[in-house]
Amino acid sequence: MDPRTHAWTTYAAAGAAAIDPTIDTLEAYLQFQDRQMRQQQASLHFRNAGLRLSNHLWNAAQQPLELQASVIPDPADLASPATFQLPDTAITNAVANHPLLAQAGARIDQLEIDRRLRNEYLKPELDIKYQWLGNGGALNNEQGTTLLGDGYQFGVGFQMPLFLRRERGELTIAKLRLTDANLGLDRDRLRIRNRINERVNDIAVFGDQMRLGADMVVNNERLLAGENQRFAAGESSLFLVNAREVPLIDARIRQVDLEARLRKAFFNLDHEAGTLWRAWRSIR
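Under our numbering, the first residue of the sequence shown is numbered 52, with each subsequent residue one higher.
One or more of the hints may lead you astray.
So the derived label-pair ranges between C-beta atoms look like this [claimed, not checked]: (1) Gln84 with Asp266: 29 to 37 Å; (2) Gln280 with Arg244: 54 to 62 Å; (3) Asp237 with His322: 35 to 43 Å; (4) Val297 with Val256: 46 to 54 Å.
The calculated EDC-like cross-link candidates involving lysine to aspartate or glutamate, where the alpha carbons are at most 20 Å apart (straight line), are [what the hints assert, rightly or not]: (5) Lys226 with Glu163; (6) Lys174 with Asp237; (7) Lys180 with Asp165; (8) Lys315 with Glu249; (9) Lys226 with Asp160; (10) Lys180 with Glu163; (11) Lys174 with Glu221; (12) Lys226 with Glu171; (13) Lys315 with Asp237; (14) Lys315 with Asp253; (15) Lys315 with Glu171; (16) Lys226 with Asp165.
Hints are computed from structural coordinates only; laboratory data are not their basis.
Just so you know, even glycine gets a beta-carbon here, dropped at the ideal spot from N, CA and C.
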């Protein structure tokens, strides 16, 4: 039994025997209850996250799989990400190859075809008709039959609407739709570019915060180690030791949260760029 556990047990026994428990004992027990609650909440999040992940898992036979609680992440995935810098060509490639922009480009091509079709409706219509007449045998080119050279039809038809109100209106609408689609494409390019820059800012800030959080954990560990030495020498109390340990636990939880947010920022960067896990693989 370590000294702190022995001290807590001694204080608890003394408090149970007395009418009013000591402040140190009550404080230690409240912290113990708080940690129990945090552990239960973390366990709940862990189980629910496993169920959500199971929605995307199948075996080779296309049967759904359920993630077992004993499955743990690869230690390589738990390593702190290295320094990341977005290549200069990343935004250019994202704008050129983004699936959403490719979809918008295909839509513009369709609207351009529709505009050209509406433009054709404004042109006059010229029909030329020609028909050579012959008997049935001549059509089959049977032996002993001749074409009736004097029997044929020839005609020319020309028509053009006088006002073209409907055609001009449809052409105007087609042009407006095409203009709107082009403006939408420019807007989507700008939005994608800004979102990529937002994710890059997130990565930079989360990386700095994660390193700062690691330093805070180290400093809190030093404070706790010093307080434990004082406690072992009889110069401190369980209350002070617990008071030093609480900030250490909070700092460690904050550090883990920042690491998770940093990894999510890498995946969000790939999502905004229309790629699949490129940024995250580049730092592995």
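Now the hints, each set against the structure:
For the hinted restraint 29 to 37 Å between Gln84 and Asp266, the CB-CB distance of approximately 30 Å keeps it satisfied. Here the CB-CB span from Gln280 to Arg244 is close to 55 Å, well matched to the stated 54 to 62 Å. The hint said 35 to 43 Å for the Cβ distance between Asp237 and His322, and at roughly 21 Å that hint is violated. Between Val297 and Val256 the C-beta distance comes to about 26 Å, which lies outside the given range of 46 to 54 Å.
Taking the CA atoms of Lys226 and Glu163, the gap is about 8 Å. The hint holds against a cut of 20 Å. In summary, the hint linking Lys174 to Asp237 is not supported, as the alpha carbons are separated by about 33 Å, beyond the 20 Å threshold. Using a Cα cut-off of 20 Å, the hinted pair Lys180 and Asp165 is violated, with the two alpha carbons roughly 29 Å apart. Between Lys315 and Glu249 the alpha-carbon distance is near 13 Å, which keeps this suggested pair within the 20 Å criterion.
The suggested pairing of Lys226 with Asp160 holds, with an alpha-carbon distance near 12 Å, which does not exceed 20 Å. Simply put, Lys180 and Glu163 have alpha-carbon atoms about 32 Å apart, too far for the 20 Å limit, and the pair is violated. Of the supplied pair hints, the one linking Lys174 and Glu221 holds, its CA atoms being roughly 14 Å apart against a limit of 20 Å. Taking the CA atoms of Lys226 and Glu171, the gap is about 14 Å. The hint holds against a cut of 20 Å.
In summary, the hint linking Lys315 to Asp237 is not supported, as the alpha carbons are separated by about 28 Å, beyond the 20 Å threshold. Simply put, Lys315 and Asp253 have alpha-carbon atoms about 10 Å apart, close enough for the 20 Å limit, and the pair holds. For the proposed pair Lys315 and Glu171, the alpha carbon gap of about 52 Å is over 20 Å, so the pair is violated. Distance check on the hinted pair: Lys226 and Asp165 sit about 9 Å apart at the alpha-carbon level, within 20 Å; holds.
Consistency note: the structure conflicts with the earlier hints numbered 3, 4, 6, 7, 10, 13 and 15.
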